[in-house]
Every structure is written in C-alpha cells, then in structure tokens.
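Asks: Sequence:
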Amino acid sequence: MTKRNKTLDACVYCGLIKSTFITDKLRYNKPGRVVKCNRCGLVRLMGVRATENKLKEYYQKQYVKEEHGKGVKAEIDTLFTSFYPVQRDRIDTIQKYLKKTHTLLEIGSSAGYFLHAVKKYVKNVYGIEFNPEEARYATEVKGVKTSTNELKNSEFCDMKFDHICLFQLLEHIPNPITSLQELKNYLTPKGYIHIEIPNILDPLVNLFDNKEFRNFFYQKPHLYYFSPKTLKMVVDKTGLAIVELKPFQQTSITNTLNWIYLRTSQPSRWECIQTFISTKYIDAPGVDKVKNKINKMFQKFNAEYKKILEESKFTDNLFCILQNN
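Residues in the sequence shown are numbered from 1409 upward in steps of one, following this note's numbering.
Simulated from the structure, these hints should not be mistaken for lab results. Possibly wrong hints are sitting among the right ones.
What the hints assert, rightly or not - Derived DSBU-like pairs: lysine-lysine, alpha-carbon spacing no greater than 35 Å straight-line:
no., residue 1, residue 2
1, Lys1640, Lys1714
2, Lys1645, Lys1426
3, Lys1528, Lys1553
4, Lys1721, Lys1438
5, Lys1508, Lys1637
6, Lys1568, Lys1592
7, Lys1433, Lys1714
8, Lys1637, Lys1708
9, Lys1553, Lys1508
10, Lys1619, Lys1708
11, Lys1699, Lys1714
12, Lys1426, Lys1637
13, Lys1645, Lys1553
14, Lys1504, Lys1528
15, Lys1640, Lys1508
16, Lys1654, Lys1598
17, Lys1715, Lys1507
18, Lys1568, Lys1528
19, Lys1654, Lys1715
20, Lys1721, Lys1637
21, Lys1528, Lys1508
22, Lys1704, Lys1654
23, Lys1531, Lys1645
24, Lys1550, Lys1508
25, Lys1714, Lys1444
26, Lys1640, Lys1504
27, Lys1444, Lys1426
28, Lys1433, Lys1645
29, Lys1592, Lys1628
30, Lys1508, Lys1645
31, Lys1444, Lys1645
32, Lys1714, Lys1528
33, Lys1550, Lys1714
Start from the sequences and build out the full structure, keeping to the hints where you can.
Replies: Printed below as a string of structure tokens:
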C-alpha cells in the first residue's frame, strides 16, 4: 500500500491508520471491509476517505440501482407511502424547537416524506436530494422545493436556515467533521442541526448476535458506524453544541422476533415498526375481539421492550440535536 493510500484510510477523527477488523460481510454481498480505529474506537469502512469527490455521481446513478431498485423503494409513490408514517417520531422529537417563522432544510430528503409532514409546523421547507427522480417527485407532486445539487451549488446557497436535518445521512458522508463545520455557515444564530443515524449498538447485532441481521446491518453505502460515544467525539470537533443526544429504538419487538425466528428482513420500514403480528386471522365470530386483545398485549410488550433497550443504549438509532454557538 502506498503512502498516499494509507493517508486516505487514516481515521477521520484521530488520524491513526491502525485498526481492528470487524467484518467483510456486507448487505447484498457487496465488497468491503469494516474496521474499528485502535485509538478512538470510531468504526468505518476501509478506504472511506477516497470517496470524498465521488458521492454525487454514486447517489445519482449507482445507489439508485443498487439500493432503491428493490421492494418498496422501486416505485417512488410506494417509497413515499412506506416512509411517510415513520416521520411522526422525528417531528415529535424536534417539534419543541420549531416555530411558524422558521425555515427548515433537509439534506438527503429523498421523495420529500419528512418535509411534507413537517411543513405545517414551520414557514418554509426545502430539500437537497441527488436522486433526480425523487427530487422531481418531491417538488412537482408534493410541493416541496428540492434541489439536486450540493448545498453550496444549489439555489439555496445564499440562505440561512433555522433547522438543517440530516436523517440517516451522516453515516454516508466521507468526512462528517468538516461537513458539519461547513453546515454551520448555513445556520441562523442559535439554529439547529438534527441528526438521526443508525446506532452501532443495535440490539440485533450487539445483544442478540443475529448473524443474518449483522450481514444486513453493515452495508457499502454506510461509511461510518457511530455509538453515542463516538458521535459525541465527532461533534465535539465541529464547534457545535449538543442539545440532546439520545439512543432510541424505532423498530418493534415483532421485527426483532422476525429476525430471530425467520432470519430475514420484512418487506418495508412500515412493517418493521408495527407492533402487531403480520398474519391473516380467520373470519369467524369473536376473532376480532381476540385479535384486538393480542395486539394490545404486543403494544404493552413493545413499550417495555423499547424502554429496556433505550435505558441500556442497545438501540437501532441515535438522535442528536446540535445548536449553532
């Protein structure tokens, strides 16, 4: 390996090259090697720094074909319908910071499902989405103005925002430290950045040690894997203040049971968050009453399950709210 290649693979946080191997089993059998920095513990995909100038082309072309050409993501209408109901949790988390006079930008806004859901709480919403079909759908069908350019080259480049949202995005960015520092320039004084990312302490990986899910969890587009500790480390280098940092469990106990017993993913994100058993009940007198009791039982079970996970930090996601100093 040349000196240049070693430099490109150095840890973005502490600069150390030496790392410990975690896995080379990635979703859809894609090639790649996930490692953990021997000094600071930040987990990354090997060669991550070499992708810095290739992201836009990848997400416009290859990512769409590899990741958005399957299941509910294959059709934009279905993609929107599947992910729209999930936005309620995000809004509940940030609503206390929102005002009707505020402007909000989401980067990586896909088909506009979050922006469409949140727009009634603020003055204006805007999106950045490299996938041209999803950006067009958000703009023309859902009335959410969305650009396909990087923020610095978009029609929003001279604007300041009260809120910038990065949902399931930071893990895709080659240098999260410099990217967050750059976003500070687009925030109003005391403006917020809202981050939602996968938690490397996901219970199916770190609690239940589910082999099939572990091979599904690690994936080529995810360049970094954060824990509460390593996310805080990265943010501390940006000059932004952490207002909230909380682990939260989004998928349900039935999704966990699905992986444990069936060892495969469910058809959509919507199914993953449902607490009821996905099955067809017989049509007979009294069945609906029993079904409702079973569903209520699972709702209580799910609430307790999530409480245990969130207290222990073994959750599938992290939510972090940052504020401009």
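Asks: Taken at face value, is the distance from the CA of Lys1592 to the CA of Lys1568 at most 35 Å?
Replies: Given that 35 Å is the threshold and the Cα spacing comes to 9 Å, the pair holds.
Asks: Holds or violated: Lys1508 and Lys1637, Cα atoms, limit 35 Å.
Replies: Roughly 34 Å between the alpha carbons, so the hint for Lys1508 and Lys1637 holds.
Asks: Within 35 Å, alpha carbon to alpha carbon, are Lys1714 and Lys1444?
Replies: Roughly 27 Å separates the two Cα atoms, so the pair holds.
Asks: Need the status of pair Lys1528, Lys1553: alpha-carbon distance at most 35 Å?
Replies: Holds, because 15 Å separates the two Cα atoms, which is no more than 35 Å.
Asks: Decide if the proposed pair is consistent with the structure: Lys1426 and Lys1637, CA atoms, cutoff 35 Å inclusive.
Replies: holds, 20 Å
Asks: Given the proposed pairing of Lys1699 with Lys1714, does the C-alpha separation stay at or below 35 Å?
Replies: At roughly 22 Å apart (the allowed maximum being 35 Å), Lys1714 and Lys1699 satisfy the hint.
Asks: Given the hint that Lys1550 pairs with Lys1508, test it: the Cα-Cα distance must not exceed 35 Å.
Replies: The hint holds at about 20 Å.
Asks: Holds or violated: are the alpha carbons of Lys1504 and Lys1528 at most 35 Å from each other?
Replies: Holds, at about 14 Å.
Asks: Does the structure keep Lys1645 and Lys1426 at a Cα separation of 35 Å or less?
Replies: Holds, at roughly 21 Å.
Asks: Are the Cα atoms of Lys1528 and Lys1508 separated by 35 Å or less?
Replies: OK: Lys1528 and Lys1508 at ~8 Å, within 35 Å.
Asks: Taking 35 Å as the top limit, are the C-alpha atoms of Lys1444 and Lys1645 close enough?
Replies: Holds. Lys1444 to Lys1645 sits at ~19 Å (cutoff 35 Å).
Asks: Would you check the hint for Lys1654 and Lys1598, treating anything up to 35 Å between C-alpha atoms as holding?
Replies: Answer holds: Lys1654 to Lys1598 is near 20 Å, not above 35 Å.
In summary, this structure violates none of the numbered hints.
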